[in-house]
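K.L.:
From just these sequences and the hints, can you work out the full model?
Chain residues, written in single-letter form:
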Amino acid sequence: MLKLVKTTSRKAGLSPGSPVFIGEKVTEKFGLDMVDYNADNFSVSTPVRLDEFHLLKDTPSNTWIRVHGLHDAATVDKFCLSFGLHPLTIEDILHTGQRPKIDHYEDYLFLVINLIKYDDATREMSMEQISFVLGSSYLLTFHEKDSDIFNDILARLQNNKGRTRKMGVDYLLYALLDRVVDNFFSVLEKIGEEVEELEEELIADPSPETLQTIHSLKREMILLRKSVWPLREVINGLQRDETAFMGESVRVYLKDLYDHTIQVLDTVETFRDIISGMIDIYLSSVSNRMNEVMKVLTIFAVIFIPLTFIAGLYGMNFNTSQSPFNMPELNWYFGYPFALLLMAGTTITMLIYFKKKKWF
Amino acid sequence: MLKLVKTTSRKAGLSPGSPVFIGEKVTEKFGLDMVDYNADNFSVSTPVRLDEFHLLKDTPSNTWIRVHGLHDAATVDKFCLSFGLHPLTIEDILHTGQRPKIDHYEDYLFLVINLIKYDDATREMSMEQISFVLGSSYLLTFHEKDSDIFNDILARLQNNKGRTRKMGVDYLLYALLDRVVDNFFSVLEKIGEEVEELEEELIADPSPETLQTIHSLKREMILLRKSVWPLREVINGLQRDETAFMGESVRVYLKDLYDHTIQVLDTVETFRDIISGMIDIYLSSVSNRMNEVMKVLTIFAVIFIPLTFIAGLYGMNFNTSQSPFNMPELNWYFGYPFALLLMAGTTITMLIYFKKKKWF
Amino acid sequence: MLKLVKTTSRKAGLSPGSPVFIGEKVTEKFGLDMVDYNADNFSVSTPVRLDEFHLLKDTPSNTWIRVHGLHDAATVDKFCLSFGLHPLTIEDILHTGQRPKIDHYEDYLFLVINLIKYDDATREMSMEQISFVLGSSYLLTFHEKDSDIFNDILARLQNNKGRTRKMGVDYLLYALLDRVVDNFFSVLEKIGEEVEELEEELIADPSPETLQTIHSLKREMILLRKSVWPLREVINGLQRDETAFMGESVRVYLKDLYDHTIQVLDTVETFRDIISGMIDIYLSSVSNRMNEVMKVLTIFAVIFIPLTFIAGLYGMNFNTSQSPFNMPELNWYFGYPFALLLMAGTTITMLIYFKKKKWF
Amino acid sequence: MLKLVKTTSRKAGLSPGSPVFIGEKVTEKFGLDMVDYNADNFSVSTPVRLDEFHLLKDTPSNTWIRVHGLHDAATVDKFCLSFGLHPLTIEDILHTGQRPKIDHYEDYLFLVINLIKYDDATREMSMEQISFVLGSSYLLTFHEKDSDIFNDILARLQNNKGRTRKMGVDYLLYALLDRVVDNFFSVLEKIGEEVEELEEELIADPSPETLQTIHSLKREMILLRKSVWPLREVINGLQRDETAFMGESVRVYLKDLYDHTIQVLDTVETFRDIISGMIDIYLSSVSNRMNEVMKVLTIFAVIFIPLTFIAGLYGMNFNTSQSPFNMPELNWYFGYPFALLLMAGTTITMLIYFKKKKWF
Amino acid sequence: MLKLVKTTSRKAGLSPGSPVFIGEKVTEKFGLDMVDYNADNFSVSTPVRLDEFHLLKDTPSNTWIRVHGLHDAATVDKFCLSFGLHPLTIEDILHTGQRPKIDHYEDYLFLVINLIKYDDATREMSMEQISFVLGSSYLLTFHEKDSDIFNDILARLQNNKGRTRKMGVDYLLYALLDRVVDNFFSVLEKIGEEVEELEEELIADPSPETLQTIHSLKREMILLRKSVWPLREVINGLQRDETAFMGESVRVYLKDLYDHTIQVLDTVETFRDIISGMIDIYLSSVSNRMNEVMKVLTIFAVIFIPLTFIAGLYGMNFNTSQSPFNMPELNWYFGYPFALLLMAGTTITMLIYFKKKKWF
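Protein chains in written order, with this note's numbering: chain A, 1 to 360; chain B, 1 to 360; chain C, 1 to 360; chain D, 1 to 360; chain E, 1 to 360.
One should not assume that every hint holds.
[Said to hold, decoys possible] No farther apart than 25 Å at their CA atoms in a straight line, the calculated lysine-lysine pairs in the DSS-like style are these:
#, chain 1, residue 1, chain 2, residue 2
1, D, Lys357, C, Lys357
2, C, Lys295, C, Lys355
3, E, Lys357, A, Lys357
4, C, Lys357, D, Lys356
5, E, Lys295, E, Lys357
6, E, Lys295, B, Lys295
7, B, Lys78, A, Lys355
8, C, Lys356, D, Lys355
9, E, Lys357, D, Lys295
10, B, Lys78, A, Lys166
11, A, Lys295, A, Lys356
12, A, Lys357, E, Lys295
13, D, Lys358, C, Lys356
14, A, Lys78, E, Lys166
15, C, Lys357, D, Lys358
16, A, Lys357, B, Lys295
17, A, Lys356, B, Lys355
18, D, Lys358, C, Lys295
Hints in this document: simulated from the structure, not taken from any laboratory.
P.N.:
Below, the structure written as structure tokens:
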């Protein structure tokens, strides 16, 4: 299950802007790919010396650097400083579990977003922070783990498919964000299937586990919403950005991306509403089922009650020899069959009555 | 039942603006009607060569092209490109299940809306995306299926009834949107009837199916609202549009259309509120009914309990010959009648008590 | 009960602005009164020729025309056209069940509001649309039925009481709207009494009918709110109106009217909140009462269970002659009294225990 | 209990601005105190002739007139007219039960607020309307009853404590409003204590009365909120007032007053949230308690059921002399002790089983 | 548990701006530390004479004065007056339990915030007001108690770590606020753990205490939110401040702080949503468990009912010698075994039936 809060106590008391990694301990090593491209050329390399990166900042070609393995805080700090990033930016990159946001600095735009992953096997979501730094001709991306979500965009870049190669790093940023938002749709589609399965299960065979599933779905929706709401603000912020980092030609794409984000948000809200309604259905189903059982059992018991009474009646020891009024039935020739018939009659009358009242 | 999410995973990972059809597979073929009209002339034709359409773009007469059968993505793409539509527009036309929206391009306005259909037989709603492209003298409409909703407007055009022929394509767009909003009213009217039926059923004879119906109505309201809220924004956007596509003379009609959309929205919200309240009524009705049954059964059982005890009492085997204190009743002349009267008296006392307490 | 939606399907598919009457079929005939007044003169007449009305439009005296009997759509249409009303205005006048709204036309202001009536006998609300057309020196009012709500204002005009005669038709419009808002207060006052009665009934003697009443009150509040919210916008629209139809001197009155509308709205919301809370009280009351009954019945049954067991015990047929251990009690001199005392003792012990546990 | 709506029907149909008193009939007579003060002088008097008040309007010293006993509408009307108040102002002063509001007139500011009183004995709130008219050098206050809430401010004025004497009537208005807001805190403090008591009662010993109390607290919160929300707007309106009635030097105090009002509002909302949560706790407590009783009773009954069966078994009349298989136990030497032991064993087994299942 | 309202009645009726301490009575004495620092120098001292402080106001070095022990109102008042603080500021410092706020005065900025403490042992939150006064070169902090939350910042100042020494008192204020917001994260982290524990307990073993815990968590969230919402406004106010107190260079840090506050708020809202959902889970769990017990008991009882009936049947005293129809079973050779088999058969049939119906 998604953790509600990341452990932040490690940081409390430190100076603001301290480069400390907050996040799950992953054993993965720090690593990075450098992609250099323009309309005509494309190269991928894995540089070793961190201190030469800043030279790239002002080259005319577009540079995309993918960093992964953030737990090596010192190396990440060194790398970021070589790009002239503000200490608060570095803190936000390392301190994963941030709320999605956009920060405008003089030299670059800084974006934090959350990527949601859905594990088909366990049906659980997990969340990963991706940070973006957009300069005039470079884009840095920081992943907690070695995520492969952007691999197809890398492939498109390499094969020179689509518009990506022809346009600047601002379009590349858009393409990456579009990939992230498309990923939300994939996750929602799976959750949508889960919700529809659950709706059928609710009617057919509700069990205490069903309520558990509803609750954890609701919880996931709450956390998903917590990621998408600020994402909407981030993309809106990009769209309205008045700095030169996002070119005019990318605006129309950002409008489209914004619309998609709104649609994700709408769907999350719709799911929340539907899931909330399911709890009523569940409680009512369970209570109906229980009531049915109790009703049948009670009716069963009620039918035997007069029979047992009749049996008890003729089990009384009144002295029949004392008086002709004392239980003459006991000495009748058809006394026993009479009693049995009386019992059968009572039972049938009751069954007819209950049937008529539609009690079963 | 309305699907919660359209399958979008087919698209995730593709370049933004890729022309892929997302939607229900319908076997219908790509087709189109071309309506050419002005105050004096009117003609309908079905052109074959797609590459000549762009010639129409700048003719002085008004042109309305109705496209249906979107699953043939390649043909639609080719057709749209001939009109100079932006790749994102084409993507949105093909990728049905969009949130209603309005996009302003330099050469045209692009609108996406959802048409709601209500099947009287199954009492289920279905949703279809209709896209509109409004140029200076042409209007394109794209339907997922071969919808006949605009046929009466076509007939009015042909018969030169109303204002439509005398005015431009902007008025035609208004007339089509007005038709869509009127259609919402028709659907809401039917749902209103269903809600009122349900309210009566709730009181008269609530069954587990009633709750199912309430739940699916609630679900439909959630999805309906999801279509109408953004529609409101779309029509507001049209109204405030500062480009030249919507003429001044059409503004007053758009204000009216906007008011109608608000009214649709109001009604949807009202239904949601009323339907929410019905769940409480249902649960209370069911619980009342169950309680009544259980109470009657319990009272029935309770009445027999003392009788069975009395019968048991006189079924004890105390030796009456041993002592005059040992169950002398057994040897009384009217012992048995006495016992029966005792039982009858007990029963009557209990019935009077329960009646007085208003327990049945 | 208030209908949720007016039948609008009769209209779907017609050209926008078609003059079709949508509303309850009332047999009342079309009729109108014409009131002509200024500070010095006052006359009421019932003109016959509809085509001469437009002559009145520009006379210096103030003219108030009250139209009722809207189902005669053709006559209303003709009348309205003679005043130069826009087709959309005429459509809105005839198509009753509109959401309250204000439309600004070049020649006039158009207002639609809903009048709520409360039937004391059936305790049900009904709704009637009243449309207003305010020109520079004339005011038209359109009633679905022959409503007498404005009769006292007519009387004030005639008797030259208050400010109405001295001021223009804009003040008259204010006076009429003030009357409508005062009417909301009267309705709310009656509903307030009903709510307070219900609160007492809830505690004293809740029945399934109580829940029905709560539900229908809630429903009425939802529909009332649907009328008052847009009314607020309408009056706000009048207040901020920059055209010349509402004079400066009437603004201070409109501010007051606006405050009253807010107060109506506040009261409706308060009632909604209180009524919502009543459902919990009801469910809890009913469940408490039921639980009490079941508890008493169960305790009653439980008390007899050991008695019946004791009776059964001494009804066993062990052979007392076989052994001194076999039910010697049966041959005791005080065997039967002993058994009865045993039973009495058991009962008393149980009653004390239950009393101590505060179970009854 | 607080009435939901004031009786307003007496007024419906009257001309707007009619001076009719709407409110509880109190026998108190019309009366007024006139306080005249500046930094150096202070005098209190009770003038008799109402028509001389207007002379005071333009004196350089500050004048505070406290009016109480509003049911004498004619006298109040006469008094107000002598100050040149607008008919709508007079109507609002007399028609108590107004929503708090601020009206800007050319010659004065008009404020209506609600004072909440809390009766410690009955634990009930009552509401009183206080109206303020602030001119350039005079302040009028209108009380429904002879309220003593402003007595301590009068005393401060008299003893020349604090800043009040040195400043104008605008500061006096602030001081009075501050007193009213402080009074809200006192009421909330008492309600807070009631809420905390209730929270303890809920856990210790919930009774149907507890639910009554929760409901009436909730109702009070709804009505309190209805008074405080508009009060916030009123004070905000004062703060942003651009007329000359509120001096610059009082602004900083109004900001403080506004903050306090927000705090009152916050507390009301907090109470509402907490009280809402208490209903769940109550329902759950009651249901738990009931369930416990039913469970114990059921277990008790269940324990006796097999015992009664065993007793019944050995009460059967099979002919033991016919066959050695027919109930040989009846003739055993230790038959009866065997049966008793069988019963004891059954009981103990069941008790152990129930204990293990943690059923009691 | 956190008190809902601070005792404010002590103050009602006093002149606005009266220096009265409202808060918990703590025996701690008034005390203060004075920290004087710039990039090169650092000194801490504890001055005795309060009347010399104002001399510090205009020194070029930065001065931070920490005041604790507010219950000595007179001394605090004297101290504050020596700094030229406004009476309303002094009132707000002393009257703890304020809503967080920011006030702009000509000479200084005044901030009030609430610090939340979480006691690990009792799992309870407590709240403390901290007030800040920021002048051009001095910062005053006022603590209710002798809080050590800012000690690490003092240590950083002393050791000249981080940026604090190099920057002005505006950065120091930021650093202190950042410490307070980080503290919210620590508290939320602990509450998050508590929530997750509770979620497990809910499924594994819900008890009435669980509901108590949910309720008190919900209550804490309500109160926490009441502190954080206005804190957000305060920090936003600081950020948008146009006075010279907050320098340009600190703005980027305030943006970051604002983002963190939003994240705190988001987390509080998330917790509220999750905790609300837990009540449904709890009620359903408890009801499920109870239902299971009742079902098992009922089934047990139902199984014995026909057995007891059969035993009662053969306990009837029909005279077998009178007729061959009168209970011939009693004289059969295998009569008793037949009866026992009949009982066993009945039991097995019922068990199979119940098993098939999945009733246990």
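K.L.:
Next step is simple, just say for each hint if it's right about the structure.
P.N.:
We went through each hint and held it up to the structure:
For a cut-off of 25 Å, the pair hint linking lysine 357 of chain D to lysine 357 of chain C stands: about 23 Å separates their Cα positions. With a CA separation close to 13 Å, the supplied pair lysine 295 of chain C and lysine 355 of chain C stays within the 25 Å bound. Restraint check for lysine 357 of chain E and lysine 357 of chain A: satisfied, since their Cα atoms lie roughly 23 Å apart, inside the 25 Å limit. For the given pair, lysine 357 of chain C sits about 24 Å from lysine 356 of chain D by alpha-carbon distance, which is consistent with the 25 Å threshold.
A threshold of 25 Å between alpha carbons decides the hint, and for lysine 295 of chain E with lysine 357 of chain E the separation of about 13 Å falls inside it, so the pair holds. Taking the CA atoms of lysine 295 of chain E and lysine 295 of chain B, the gap is near 17 Å; set against the 25 Å cutoff, the hint holds. Among the hinted pairs, lysine 78 of chain B with lysine 355 of chain A is inconsistent with the structure: their alpha-carbon atoms are about 68 Å apart, more than 25 Å. Taken as a hint, the lysine 356 of chain C and lysine 355 of chain D pair is honoured in the structure, with Cα atoms around 23 Å apart against an allowance of 25 Å.
As the CA atoms of lysine 357 of chain E and lysine 295 of chain D are separated by approximately 24 Å, the hinted pair is consistent with the 25 Å bound. Simply put, lysine 78 of chain B and lysine 166 of chain A have alpha-carbon atoms about 23 Å apart, close enough for the 25 Å limit, and the pair holds. A distance of roughly 15 Å separates the Cα atoms of lysine 295 of chain A and lysine 356 of chain A; the hinted pair therefore holds under the 25 Å criterion. As the CA atoms of lysine 357 of chain A and lysine 295 of chain E are separated by approximately 24 Å, the hinted pair is consistent with the 25 Å bound.
Simply put, lysine 358 of chain D and lysine 356 of chain C have alpha-carbon atoms about 23 Å apart, close enough for the 25 Å limit, and the pair holds. Restraint check for lysine 78 of chain A and lysine 166 of chain E: the C-alpha separation of about 23 Å stays at or below 25 Å, so the hint holds. For a cut-off of 25 Å, the pair hint linking lysine 357 of chain C to lysine 358 of chain D stands: about 20 Å separates their Cα positions. With a C-alpha separation of about 14 Å, the suggested pairing of lysine 357 of chain A with lysine 295 of chain B holds against the 25 Å cut-off.
Proposed proximity of lysine 356 of chain A and lysine 355 of chain B is supported: the alpha carbons are some 23 Å apart, at most 25 Å. Straight-line distance between C-alpha atoms of lysine 358 of chain D and lysine 295 of chain C comes to about 22 Å, which keeps the hinted pair within the 25 Å bound.
In summary, the structure is inconsistent with hint 7 from the numbered list given earlier, while agreeing with all the others.
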